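Protein chains: 2
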Amino acid sequence: MFKTVELGRKMSKEKFREALPKLREDLLAAHSELREKKLSVIFIMAGADAAGKGEVVQRLTEWLDPHGVDTYAFWEADSGDLPANARYWHAMPGRGRIGIFFGSWYTAPMVEKVYGKWKAKDFNKALSRIVFFENMLVEDGTIIVKIWLHLSKKEQEKAIKKLEKDGRATGKDWKHFKMYDKFMEVSEQIVSQTDSGPAPWHLVEAADRRHREFTCGSILLKAIRSRLAALKAKSSEKNAVIQVNIPDAGEISVLDKVDLNEKLTEEEYRKSIEKYQTRLSKLAWTAFEKKRSMVLVFEGWDAAGKGGAIRRVIEAMDPRLYRVVGIAAPTDEERAQHYLWRFWRRLPYPAGTTTIFDRSWYGRVLVERVEGFAPVADWSRAYLEINDFEDQMVSHGIILNKFFLHISPEEQLKRFKERETVAYKHFKITQEDWRNRNKWDDYEIAINEMIIRCGTAMAPWTLVAANDKHFARIQVLKTVVKSLENAL
Amino acid sequence: MFKTVELGRKMSKEKFREALPKLREDLLAAHSELREKKLSVIFIMAGADAAGKGEVVQRLTEWLDPHGVDTYAFWEADSGDLPANARYWHAMPGRGRIGIFFGSWYTAPMVEKVYGKWKAKDFNKALSRIVFFENMLVEDGTIIVKIWLHLSKKEQEKAIKKLEKDGRATGKDWKHFKMYDKFMEVSEQIVSQTDSGPAPWHLVEAADRRHREFTCGSILLKAIRSRLAALKAKSSEKNAVIQVNIPDAGEISVLDKVDLNEKLTEEEYRKSIEKYQTRLSKLAWTAFEKKRSMVLVFEGWDAAGKGGAIRRVIEAMDPRLYRVVGIAAPTDEERAQHYLWRFWRRLPYPAGTTTIFDRSWYGRVLVERVEGFAPVADWSRAYLEINDFEDQMVSHGIILNKFFLHISPEEQLKRFKERETVAYKHFKITQEDWRNRNKWDDYEIAINEMIIRCGTAMAPWTLVAANDKHFARIQVLKTVVKSLENAL
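Quick mapping for you: the protein sequence lines, in order, are chains A and B. In terms of this note's numbering, the first sequence is residues 3 to 490. In terms of this note's numbering, the second sequence is residues 3 to 490.
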């Protein structure tokens with residue numbers, strides 16, 4: 003594949019000078035339209051050592067508006083506290099911005115494979131995760147431009163010698179040069195397996211400076227333009243047909259299987275809560291010592307008792323070991339990103355601590371679906387995105403528990419009325435709660451689908467019978483304790 | 003001082019049980035009013051080892067709404083990449099939230115003094131910096147509650163023995179116990195020197211669990227309430243008299259001393275730019291190797307050529323080594339913090355890189371002053387705050403250059419007109435530019451005062467004669483190069 007681009011392409015000084023002003027003007031205009039349309043760009047600069055990646059990026063930042071561009075080198079080694087993708091999420095360009103990534107999610111597969119540290123299975127899994135990840139970003143309005151600068155073996159040798167003359171070559175350059183063929187082999191695998199429609203690779207012959215710089219600029223311009231054009235075309239066909247599973251009314255839902263008659267006596271409750279809180283209190287410290295983070299997700303009907311259940315969990319934990327994150331309307335920095343971004347930034351840190359989400363990323367397939375805040379295409383894609391997100395957590399060693407607190411509509415009504423009459427509970431009930439209640443059936447459909455599609459083997463749901471608050475709290479505590487005991 | 007609180011205070015179980023419901027209810031109500039009024043709380047938990055700091059915090063988080071509380075332990079050692087206060091800025095509770103800090107800006111002075119690593123001068127400087135810092139946060143709407151849990155020597159011994167029985171004592175506990183008197187001595191110095199009116203210390207006898215927990219809860223409640231009360235009282239006397247230096251019209255300003263006739267020929271410009279860019283290009287890498295970060299601040303009249311000057315600087319630098327931050331309207335996460343927060347979060351990281359601010363924290367004393375966005379009390383306080391901020395940068399080893407690009411009103415008019423007629427410059431001129439121009443005299447007063455009051459020896463201003471763009475760009479480049487050469 004790489005051989006085929008070795009055509010000796012060059013660009014003359016005159017041609018470069020002549021063509022440049024137009025390219026720069028067009029790039030500036032494209033950048034400004036990008037901002038207007040709230041699209042973002044991730045520009046991935048990959049390729050051979052000594053191929054001039056730094057120079058190309060320097061040139062591009064010169065041509066673009068520097069206020070809208072952030073360059074990331076991902077220099078520092080990862081602490082390992084968070085799933086590997088966290089560092090890229092933290093560097094994600096917000097809508098309207100351009101992020102230039104030196105090194106990226108391609109670095110680890112490349113290095114680990116060349117040095118023979120990963121098995122084929124891990125390598126392939128990493129690549130298909132990348133395809134999924136890039137696709138997800140593209141769907142969300144990111145333009146991904148991936149450039150691979152290619153040098154033939156002879157050219158690379160020449161380039162490293164030149165670096166050497168300038169005192170800029172390192173031992174690693176020569177070491178890698180000796181592994182040229184191995185690098186080519188792995189590069190081909192990577193490029194061919196991740197050369198997807200939404201985020202294609204561009205192989206650029208890198209020997210001639212002017213050719214590579216002008217070509218990279220042109221590729222960036224073209225990528226932005228074609229996305230803008232697609233956007234215009236798309237707005238006319240917005241209502242694409244998407245297949246959605248809507249169960250027939252009356253069909254049995256997973257929630258029907260929850261036995262809402264479960265309850266505990268005051269005595270049983272008191273004994274159990276002491277038992278599990280004592281265990282949790284120690285387990286939380288053990289998890290910290292062993293650097294095993296935990297994520298707890300609480301979903302459930304309004305007034306199902308999420309807050310009370312969370313309180314019984316944190317009562318047992320040292321406050322230095324957890325953080326409670328209530329999910330309400332996103333901030334404007336969050337709105338400028340993919341919807342998963344706000345959860346990535348709240349993952350437990352440092353390693354060994356716990357984040358408790360009071361409502362979560364499942365809002366995407368619950369409230370955003372039912373209220374129509376997200377178009378069908380967006381929320382129906384979310385099941386896969388969420389499964390992948392949770393898979394990344396669990397694969398990284400994070401202990402994940404997801405709770406859905408289920409109550410009957412009658413119980414909810416009772417609790418709403420109580421909230422309205424008891425003074426210090428009054429602040430807990432709003433008009434919105436009543437509105438949500440009227441959409442019970444729509445929510446039930448959405449909940450049912452969520453539990454089925456995101457109840458994966460690796461991240462199962464715990465359905466909590468919550469008509470009896472005591473029973474619910476113990477079920478939650480017990481599940482958390484058991485999951486920690488299993489994991490530690 | 004500490005001896006005097008050793009009164010053997012206790013709280014009986016009955017009294018605790020009886021008083022608690024009211025305290026909890028009041029705390030919840032206060033927390034909710036806090037949110038409404040957009041005030042924040044920093045609760046600093048300090049004091050003797052084994053005094054029960056963790057337990058108190060655990061209790062408080064139980065009593066408050068956990069969604070509005072974040073607890074920080076500052077466990078990890080500081081990387082040293084950023085000025086020491088950066089970690090506290092990153093943990094700052096936004097408006098409406100409560101941040102509980104275990105360990106805080108008091109930890110370093112305490113430890114370093116007890117172990118004899120700091121001289122008296124450094125210790126005293128650190129303490130007065132703390133007073134200033136806390137005062138600044140209080141002025142901005144933060145309630146600072148500082149609690150020092152005290153144990154007599156005998157009580158501490160008992161407490162450590164108890165920890166030992168539970169398997170929770172460490173060698174450090176006994177080591178520190180042997181240094182009890184030394185700790186007391188330094189604690190007294192710290193408490194007495196930082197016991198300011200806006201952020202007073204509360205010494206709490208810690209031997210009795212119920213007494214210390216209830217007392218800490220009550221102190222927190224009282225602190226919030228008294229601030230809320232003060233807020234109500236204050237709204238009636240908002241127009242407190244604040245002394246502002248306004249020079250007489252026609253008085254000579256520092257800007258008048260800038261020789262706007264300075265210019266360079268095309269030839270001189272070309273030679274100089276090559277010379278300085280070549281040097282800068284290498285210096286930037288040297289700075290990175292030596293981990294010396296740099297901050298460049300660009301201020302100036304509209305159309306003074308800030309963008310062009312910045313471009314000539316970054317042309318010379320590898321894009322992995324700098325970040326350009328354009329300062330426009332704050333995001334809502336930024337609005338929820340002290341105005342300096344958004345700059346703290348953008349300081350150069352990792353160590354050895356450069357952040358270029360296109361407009362900066364000086365907006366506080368320029369646009370916010372002239373347009374009346376900030377009340378007089380706020381912007382007039384800002385000079386000191388800014389000097390302290392810059393002092394922290396420079397003391398940390400950051401190379402700081404501040405440029406003010408000065409042009410004449412006639413030159414500005416010429417450039418505005420050019421921008422309006424030249425197609426590709428059109429986007430650079432807005433109605434706001436014309437409005438700002440009409441306030442030239444007000445801005446001149448504000449600029450003059452800013453340059454005088456913030457032109458400190460440690461962070462001087464460079465006034466750039468910018469009627470000639472070539473001259474201005476070279477002056478900027480040269481200053482940056484020289485400052486790097488001096489520092490490295």
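The hints are simulated quantities; they were obtained by calculation from the structure and are not laboratory data. Every value quoted in this text rests on a predicted model; they were computed, and no experiment measured them. We treat Cβ as the ideally placed atom computed from N, Cα and C, and that holds for glycine. Any given hint could turn out to be false.
[To be verified] Straight-line alpha carbon distances no greater than 35 Å define the calculated DSBU-like cross-link-like pairs of lysine-lysine that follow:
#1 B:K471 to A:K17
#2 B:K284 to A:K174
#3 A:K236 to B:K163
#4 A:K40 to B:K471
#5 A:K167 to B:K292
#6 A:K17 to A:K164
#7 B:K480 to A:K24
#8 A:K277 to B:K292
#9 B:K163 to B:K224
#10 A:K24 to B:K259
#11 B:K259 to B:K163
[Stated by the list, open to error] Partial pick of chain A residues on the chain B-facing surface, computed with a CB cut under 8 Å:
#12 V59
#13 P68
#14 D72
#15 T73
#16 A75
#17 W77
#18 D80
#19 K184
#20 E187
#21 E190
#22 R313
#23 E317
#24 V326
#25 D334
#26 D360
Each hint, compared with the structure:
1. B:K471 to A:K17: 29 Å, holds
2. B:K284 to A:K174: 21 Å, holds
3. A:K236 to B:K163: 72 Å, violated
4. A:K40 to B:K471: This hinted pair holds, its Cα atoms lying about 33 Å apart.
5. A:K167 to B:K292: 23 Å, holds
6. A:K17 to A:K164: 25 Å, holds
7. B:K480 to A:K24: 31 Å, holds
8. A:K277 to B:K292: 55 Å, violated
9. B:K163 to B:K224: Holds. K163 (chain B) to K224 (chain B) sits at ~34 Å (cutoff 35 Å).
10. A:K24 to B:K259: Distance ~42 Å between K24 (chain A) and K259 (chain B) Cα, so the pair is violated.
11. B:K259 to B:K163: 71 Å, violated
12. V59: 5 Å, holds
13. P68: 4 Å, holds
14. D72: 6 Å, holds
15. T73: Holds: closest Cβ of chain B sits about 4 Å from T73 (chain A), inside 8 Å.
16. A75: 4 Å, holds
17. W77: At about 7 Å, which falls below the 8 Å cut-off, the nearest Cβ of chain B leaves the hint on W77 (chain A) intact, so it holds.
18. D80: 13 Å, violated
19. K184: Check failed: Cβ of K184 (chain A) comes no nearer than 26 Å to chain B, outside 8 Å.
20. E187: 28 Å, violated
21. E190: 27 Å, violated
22. R313: This hint holds: R313 (chain A) lies near chain B, its Cβ roughly 7 Å from the closest one there, short of 8 Å.
23. E317: 6 Å, holds
24. V326: V326 (chain A) check passes; min Cβ-Cβ to chain B is 4 Å, inside 8 Å.
25. D334: 5 Å, holds
26. D360: For D360 (chain A), the interface hint holds, since the closest Cβ of chain B sits about 7 Å away, which is under 8 Å.
Checked against the numbered hints above, the structure violates hints 3, 8, 10, 11, 18, 19, 20, 21; every other hint is satisfied.
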